[in-house]
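Colleague: For the protein sequence lines, the chains are A and B, in the order given.
Under this note's numbering, the first residue of the first sequence is numbered 1, with each subsequent residue one higher.
Under this note's numbering, the first residue of the second sequence is numbered 1, with each subsequent residue one higher.
Read the hints as simulated data drawn from the structure, not as lab findings.
The C-beta atom is built at its ideal place from N, Cα and C for all residues, glycine as well.
Do not take every clue at face value.
Sample of chain A residues with no beta-carbon within 12 Å of chain B, all distances over it, derived [claimed, not checked]:
1) His6
2) Ile9
3) Thr14
4) Val76
5) Val97
6) Val113
Footprint (simulated), chain B over chain A, 3 or more residues, beta carbon under 8 Å [as the list claims (entries may be wrong)]:
7) 62-69
8) 244-254
Chain residues, written in single-letter form:
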Amino acid sequence: MHSSLHALIDESVTIIREVAAEFERPVMLFSGGKDSVVMLHLAARAFDPARIPFPVMHIDTGHNFPEVIEFRDRCVADLGVQLIVGSVQASIDAGRVADATGPRASRNPLQTVTLLDSIAEHRFDAVFGGARRDEERARAKERVYSHRDSFGQWDPKNQRPELWGIYNGRHKPGEHFRIFPLSNWTELDIWTFIAEHHIDLPSIYFAHKRPVFLRDGMWMAVTDFLQPEAGEEVVDKMVRFRTVGDATCTAAIESVAVAVDDIIAETAVARVTERGATRADDRMSEAGMEDRKRTGYF
Amino acid sequence: MERLRFATVGSVDDGKSTLIGRLLYDSKSIFEDQLEHIESVSKRRGDDYVDLSLLTDGLRAEREQGITIDVAYRYFATPKRSFIIADCPGHIQYTRNMITGASNVDLAIVLVDARTGVVEQTRRHSLLVSLLGVPHLVICVNKMDLVDYSQARFDEIREEFETFASRLELQDVTFLPISALAGDNVVSRSTSMNWFEGPTLLHHLENVYTASDENRIDTRFPVQYVIRPQRAEFPDYRGYAGRVAGGMLRVGDDVMVMPSGLTSTIVGIDSPHGPRQEAGPGQAVTLLLADDLSITRGDMICRPNNRPRSSQELEAMLCWMDNSAPLQPGKIYTIKHTTKVARTKINQVLYRLNISNLHRETGVNALTMNEIGRVTLHTTSPLFFDDYHQNRTTGCFIIVDEDTGQTAAAGMLLSPRT
């Protein structure tokens with residue numbers, strides 16, 4: 001039987017092949033987060049037994065969980081793909097952006113500049129992202145092929161119609177497309193795929209004990225880049241991360257799920273969305289994601 | 001678990017967003033942070049009740065205007081099926097976005113206000129659903145609570161719709177009396193309409209029979225990508241990757257490649273799920289053939305005794321979608337059909353379809369944004385296609401404006417009129 005997950009895989013593989021066939025210089029964003037891990041595995045299957053015919057790119061804020069970087073490097077070595085790192089630190093050093101300062105500083109918004117600079121530098125015309133429509137309201141509106149003008153801007157009120165399975169990637173020099181092969185996947189689909197195919201993930205996705213403190217109702221990990229303020233008490237807790245992003249704005253949740261099956265069980269009964277639970281960046285305003293996407297964010 | 005894609009068409013006034021909110025809420029698919037968010041926004045705006053439309057209207061402009069502008073996708077699952085909702089705008093100026101959302105769904109829900117009955121918008125939406133060949137239509141007669149749950153009113157609307165719909169090509173129409181606001185017949189059975197013996201909306205969505213909607217007879221495989229590994233372990237591997245557009249492909253089958261007309265035999269089928277013996281509609285596979293033929297992207301693999309039509313002269317229903325330029329007969333556009341790209345001129349507009357009353361308006365030579373007409377086209381190379389009503393995948397195409405890159409039109413191929 002053609003199950004729901006099989007249908008999603010077939011749809012994603014078709015999109016990935018279509019881009020490889022029609023664009024000159026595609027690249028796949030790869031952070032080591034679970035969605036980009038699944039996307040990379042699908043790319044490997046799309047071209048098997050040939051290698052993935054495009055490089056992957058990580059936009060690195062420099063504020064990483066070390067487990068994730070180690071995992072990233074191992075993954076690209078296993079699949080034999082080229083890794084390009086766009087460094088936010090390099091953008092800061094070059095004066096392209098000012099580093100965020102202050103106790104609540106996060107480099108998350110700065111990634112947009114580095115991302116757009118890296119796309120221009122390598123003349124990429126198609127950039128695969130692992131975003132899903134179930135993550136957030138603005139993303140629920142996005143096309144699979146999402147046009148970006150020469151400023152990297154998204155125009156949500158004037159998106160190209162996208163019908164059947166026919167995609168229009170026509171663009172002018174300097175413009176590019178963001179491609180979202182996982183558009184129709186839900187968080188549970190991602191975890192089901194990971195379980196069924198025994199996909200390896202960074203260890204921080206699984207429950208472990210680490211020092212955390214409570215900020216705005218979210219458990220933040222103590223790292224070199226994020227320290228508690230006065231009055232924020234550090235405690236050791238069993239936690240896991242539902243999303244993996246910049247260490248300064250990604251929160252953990254209390255969990256005892258040490259294996260994928262435990263996580264699926266927790267996800268199936270979760271009453272809070274993953275971004276709502278753990279992403280400080282999405283809580284900033286009602287249209288936080290829409291505003292960031294308009295200017296070129298992932 | 002099976003997946004059902006369905007579209008909801010209508011505007012906020014019809015209670016469409018309330019209906020979706022009700023489906024999500026009663027099937028426990030709304031998360032607490034989403035609910036808290038819309039509660040706080042509703043409160044801040046001084047609304048008397050929680051506005052469930054805030055769940056689906058995701059863009060700032062939509063929330064400001066209280067309308068749906070573009071398609072939003074929502075996901076939920078029950079133990080029986082998983083669902084993708086394409087929540088489509090109903091206003092006439094966003095027709096192209098509605099078509100985007102409804103182009104590849106299994107089922108469409110059109111809402112009718114029980115007080116006003118079948119109105120111009122109902123007719124327009126049903127026509128588009130019929131043109132797009134959506135296999136199943138559900139007419140939800142909503143706000144039954146405001147007509148005292150009257151069976152007579154429901155029957156009246158049903159007759160009104162059936163009179164109009166007899167001129168459309170609708171395959172399967174279901175009528176349901178509901179109240180999205182009160183929750184009658186959405187997820188739970190209504191206790192106020194014991195006269196109605198049909199299913200609830202959710203029960204219908206869970207059980208509607210879709211297995212026969214795909215064309216499993218006429219084998220069609222548009223070649224998308226040729227896989228030739230530059231790796232020592234696979235010196236002779238040459239696979240033709242693509243997504244099955246119709247029929248079944250089995251190891252051992254004789255196949256023919258268009259346009260060359262050369263034949264071969266399938267010796268293997270690879271897929272993202274591993275090697276397999278057969279593949280059917282929608283599946284992404286890689287075909288291995290017995291002979292070393294010259295096959296490229298845009299070619300079509302079929303059976304020697306069951307081929308698609310092949311022609312440079314086409315006839316189609318065309319929905320114009322470009323707000324920057326109208327259709328210009330004689331202008332050269334790019335046409336995308338399955339995995340093939342060619343160039344095309346639109347020769348003639350045979351008629352424009354009045355999408356409110358179905359009248360065929362002749363004597364027009366252009367189509368503007370959101371207009372639909374029957375046209376003839378000429379392409380630079382032959383397309384391999386089927387009538388849209390035989391096969392949605394090999395019967396559809398898009399037209400791209402080469403100057404702006406915009407998707408200018410969507411077309412559905414038809415047999416020439418006799």
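Colleague: Evaluate each hint against the coordinates.
Modeller: Hint check:
The claim that histidine 6 of chain A lies off the interface is violated: its Cβ sits roughly 6 Å from the closest Cβ of chain B, which falls inside the 12 Å cut-off. Not every CB of chain B is more than 12 Å from the CB of isoleucine 9 of chain A (nearest about 5 Å), against its label as outside the interface. Residue placement check: threonine 14 of chain A does not keep its beta carbon more than 12 Å from all beta carbons of chain B (closest about 5 Å). No Cβ of chain B approaches the Cβ of valine 76 of chain A within 12 Å, the least distance being about 17 Å, so the stated non-interface status holds.
Distance check on valine 97 of chain A: its Cβ is at least 25 Å (rounded) from any Cβ of chain B, clearing the 12 Å threshold; non-interface status holds. With a least beta-carbon separation of about 23 Å from chain B, valine 113 of chain A lies farther than 12 Å from that chain, consistent with its non-interface assignment. Counting residues of the stretch 62-69 of chain A whose C-beta sits closer than 8 Å to any C-beta of chain B gives 0, which falls short of three, so the coverage hint is violated. Check on the stretch 244-254 of chain A: 0 of its residues sit with their Cβ under 8 Å from a Cβ of chain B, so the three-residue criterion for coverage is violated.
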